[in-house]
Amino acid sequence: MNAANYLYLSAMLFTIGAVGVVVRRNAIVVFMCIELMLNAANLSFVTFSRINGDLNGQVVAFFTMVVAACEVVVGLAIIVTIYRSRRSASVDDASLLKR
Amino acid sequence: MNELALQVGQTAAPEAMLFWILAPLTLAAALGMLLVKKAVHSAILMAFVMVALAIFYIAQGAPFLGIVQIVVYTGAVMMLFLFILMLVGVDSSDSLTETIRGLRPIAITAAVGFGGLLVSLLGRASIGRGAVGIEAANSEGNVEGIAQLLFSTFVWPFEVVSALLITAALGAMVLAHHHRIQERPTQRQLSIDRFRGDSLATAAGLPAPGVFARHNAVDVPALLPDGSPAPASVNASLKARGDVLDSSHFELGTVDTSVEEEK
Amino acid sequence: MMSSHSLVYLIALPLAGAAILLLAGRRSDKWGHLLATGLSASSFFLGLYQLSLMLSRSNEQRPVGQKLFEWISVGTFNIDAGLMLDQLSICFVLLITGVGTLIHIYSISYMSHDPDRRRFFAFLNLFIAAMLLLVLGDSYLNLYVGWEGVGLASYLLIGFWNQKLAYATASKKAFVMNRIGDMGLSFAIMIAFATMGTVSFTGVKAAAEHTSTAALTAIGIMLLLAATGKSAQFPLQAWLGDAMAGPTPVSALIHAATMVTAGVYLITRSNFIFDAAPTAQLLVVIVGAITLMFGALIGTAKDDIKKALAASTMSQIGYMILGAGLGPVGYAFAIMHLLTHGFFKAGMFLGAGSVIHGMNDEVNIRKYGALRKFMPITFATFGFGYLAILGVPPFAGFYSKDMIIETAFNSGGIKGIILGSVTLLGAGITAFYMTRVMILTFTGTSRWDEEVHPYESPWLMWLPMAILAVGSVTSGYLLSHGNALVNWLSPLFESHGEHDEFLPPMVVSGLALAMVAIGVAIAFLKYSRSDVDAVAPSDVSIFTTIARQDLMQDRFNEAVFMRPGQLLTSVLVKTDEAIIDGAVRGVGRAAMGTGATLRGVQSGFVRSYAALILIGAVALIAAIWVVVQ
Amino acid sequence: MTWLTLLMALPLAGSLAVAALPKTNEKLVKQTALATTLIVMAATIAMALGFQRDNVELQFVEKYSWIPFFGINYALGIDGLALVLILMSTILAPVVVLAGWNESHGGRWSVKTFYILILVLETMMIGVFAATDVFLFYVIFEAMLIPVYFLIGGYGTGERSAAAVKFLIYSLFGGLLMLASIIALYVMSGAQGGHTFDLAALSSLEMSSTTQDLLFLGFFIAFAIKAPLWPLHTWLPDAAESATPGTSVLLLGVLDKVGTFGMIRYCLTLFPEASKTFTPMILVLAVISIIYGAILAIGQRDLKRLIAFTSISHFGFITMGIFAMTSQGHSGATLYMFNHAFSTAALFLVGGWMISRRGSSTIADFGGLQRITPVMAWMFFLAGMSSLALPGLSSFVSEFLVLVGTFTRYPAHAVIATCGIVLAALYILIPVQKALHGPTTPGNENLSDLNLREKIAIAPVIAIIVVLGFYPSPLLKVINPAASHVIAQLGFNDPVPTNGSK
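Note that the protein sequences, when read in sequence, are chains A, B, C and D.
If you use this note's numbering, the first sequence corresponds to residues 50 to 148, in order.
If you use this note's numbering, the second sequence corresponds to residues 12 to 274, in order.
If you use this note's numbering, the third sequence corresponds to residues -11 to 617, in order.
If you use this note's numbering, the fourth sequence corresponds to residues 1332 to 1833, in order.
Every clue listed holds true.
Derived, one-sided and incomplete: chain B residues facing chain A with beta-carbon distance under 7 Å:
#1 Gly126
#2 Val143
#3 Val172
#4 Leu176
#5 Leu186
These aren't lab readings, by the way, just hints derived from the structure by calculation.
Beta carbons are placed, not taken as given, at the ideal position from N, Cα and C, and that holds for glycine.
The shape of chain A in the complex, shown without the other chains (with noise of 0.2 Å):
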């Protein structure tokens, strides 16, 4: 079997997540379907690791990790904040930006 095949699974799981992003109002969706785009990410990292015999892909995917732990940490936050002012979790209705 051929490590490349990881990659490729991927790249797919990395754009389904990126379209999950664009077609999910779900503001909670929307983050699962970004972490899924950086666990991809790190499915790559590994798979390089393996290819390259040292460990330093890992120890991205570990940081990469940590990071996605904050940052769901602080976007659930806001999630919650958001949806105590507009009790609704859907990201169009947060669409202030405009004006």
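Use these hints to put chains B, C and D onto chain A, whose structure you have.
Showing chains B, C and D alone in chain A's frame:
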């Protein structure tokens, strides 16, 4: 395709089997995330994808990451997601009809283009040498190897990331913190308000909810002396949410007023 | 050339007068006119002193120069502020300061009721200074300064009563038409510098010998253009009639005696150019001939006494220009006619001023009549001037005009016959219209309005008139006695061989007198025998109508220059706004339009931004895909 | 002695002093500003006295490293050309301050801000003429826009904001083209002996003719916008119409001169070959500017716009003189820059007083001022006469030098340009007639004549106009060596008299 790059060599057959079984499932779960209406179903599918990825990590010689993936991601992060989902309403289901005109076709076209280009790029890519395999790097143990790197080469990023984590935690607290609009009333103030209010009826405090002796839940109104429910005894927010139980069947059906006092 | 240190004072005195009067303002109201007159007179006496010095020297030593300071010096273009007084300039200096002083004296009384008399005298002094600079400058560029200076003074004086819009317009018209002439002078100077490398009179004279005829012709034509502007010659004659808007002393000094003759000065001064450029010379003659007829014809139809005199001035200067165009033989006669004309025309203008003064500012000769009885002195002085302009012997005009007619006949061939006939005919018409003015003004029955009580002017006014009248009588004889003026000027001009006499002088004089007699007779028959309407009759022939409208000169200018010019201006203003600035604003608007369009992309929806990022990523990967083959 | 830095520092110090004053004491603010400008003027004259006029090298040279990494220096130095223009700027500054004593009232910001802007602008006006480092020049060239932008937009009248924005964007556009050229020069200098922005070093660069043409255009368009050359002129009438008279004086008198100054100092020096290539086209544009500006001036109804258009005509003369490549044309153009500043200053200041008294800038609203306000009318008339180049006034000398200088090499251009003098008579005499002559029209009866302050402000300007008309030698002696030097460096000799052989 034989000249191809990323010639990693043949992996062991069990791994191939694992991959070919799990990878389609992962893809299907990921796609499912997009297609299901309920966010909570999405979350469960997401958890599945993460576990699958953790398995892939372990299969690729990254047991540390695989464990972290399960513990931190599937365990903590996904729990957080579910927790928030519960908070904002687990029952709510999204409408999947698109409201921004033209967005969906654009997104799908772009995604197909993106994925196609990425896959075809990967197909052409070359690093100029054969695959090495992770075994040598893991010779002293995967965790030890990563620790070695983290505390030597990557120690500075590591520290920065820890600062980031703390900042994020603080940030989450600040964001989620509820700001008081008014000063919190003191007991003295409350007492004054009670006595100087519209009527002295509330001077002794609001009646406690629940029908004594039969029911003492907070969502059941108390009964007045004539047996009718007392609306003031239930918290306003429960009422607003519509979570107040009907107390009519606890009413005293008939009050026997004919009983004469024993002399 | 000898140098002198005192030439500058000729100019400096009146200039100082102008400066003092203008800067001191109202404070000098009481004594300003006296100061100005005094300064003008002292300039005149300085001129006499210079003349006496000149007379005491031999012919070759007579010109003197004075270098004041270095004016403009760049590369090879070196112009000193330098003055030069020679036999030609001294004639002008004396004419300008002499007649100028007389007119100063006259104006003391004439302008005594005007609140702005001081300003008037300041302008008069400014004019004297500028005119002296014009005739004393030792290079074309110095002359140019005086040339525009007199234009400025003329502008200020024509528009002296500029609260009347028509007068202000007249002054503007004069300035602008003069500027067209000035442009010619600029061209002449530029060509002279480009071809000869110098613009001083002596330098150009020396260089003219080595210069091609084409260049000299170009310079000559440009000088002629300048002369036509300043001297109101065809085709730039239209301003002179309107210039009569100025106070009458101004008309006498500037628009009769001095400034308008500057063109004659310029051509005579540039004799070395015209002598070597026959084409230019021929043009000069043609311009002179056309103008002399043009002016004469206008004169026949004018009812405004000053405009009639102005037309006559135009015509007489035509004679001078024609004379100057006849080459070496003609220069001296042109100057002689210029000098005699300075006397008699100034005298007549002052007489006209006296009449206007006595008639409550009425200028229409149809409303005059029988003034002989009321204004005897004015009648007498005006009459001497009249006889002089007609060329009746022994009055001044006889000597000078006959000489020009004679020279015209003698210029040879068909050209001589045509020019001679034109000048003769002009003399006849002059006799006609001057007699008309004379009869309508002084004889016949009175036609003035009831409230007018004509009276003779005070002595301050008639004294200058009398002096000028004496000049009108005697100057011709004095200047031509023993060829005095011709001999005086001869060192300046190339000597010339004797021309064949086409007609003997006696015959020419006889012919001229006959023409004059015919003109006078027609006028007598037409105006003396029958009553004259106080209002100009309207049922007149088409020719009279045209003549009344100055031979359509204004209409022509309006139709050919003014209206198209105005049209061009308004079109350009609109074009500038719409097209050039429109293009600039268009760029701005295009930017804003682009922004407004792109603004639609900023929908505010996070997801559409995300979609854009996705598209960007696709583009990026596509780029990598293409580049990294 | 570091004269030039001192000159630049003085107004800056003055602006700091003004900034330190209380906002409410407007009189003190104005007096401080006036005193500063007067000191600067005195210092400039003192410096000018020490100028060696026959020395064609740069004088009062200063050089300090500014941004060593890019080889950028704070380098100053002046020749005759720059000296004359600095003199012009520093003499105009106190005149403007004194003449526009009240024009800072009614602005968007305080009186104090107005004078701070004016003083900062003065520093830059000196710097832009003195800079010998191309980058320093560019920085000041662009920075000058800022105070002017605020002066127009904050203290002007009418559609001041729009005019200010138009001015700024138009100028910035030109400046960007120039910046591109400057960077290209810098890059090329790196390949030929070290990165530098030094003017002298850059002028000896080797480059292909195409490169030179393109870079020349970058500089030239920037300068042609500044010294508005047809068809890049449309910002000027708008800006002049909206700006206060004092600002207009500085804008037309000094800032626009940076354009013509730049053509000599940068276009000709850096790109001699390209200058020759483009000369025919530029001359045509200059001639068009002369005639076009004059005709449009005739067609204007607004006094300020009229003056602006006359300036476009005058800038045509200056440009023509520069590119005629003769010593007369060059000296004449430089002298013209100086004279134009003063005749336009006189026109704008007196016109500004007329407008502020009448409350309208439409020419038709005036009438008969000669009788009501004689002194003001005379000053306007004199200024107008100077603008139409009456002999005996300063503009004549320069205009005639330009024409003569052009004629010896390009007779046709000179002939057409000379027609401009007739148009000049029209564009001056028409407003003179409408505003000053004729009967007094309603609304003008009670206008007051010039007061003492205004008389004192305008007197030196008129004096300069008259004195330089008769005695321009002191200036010409400073200008001539510099002008001849530029011409000689370009390899031109004055045409010799042809004796009509051509």
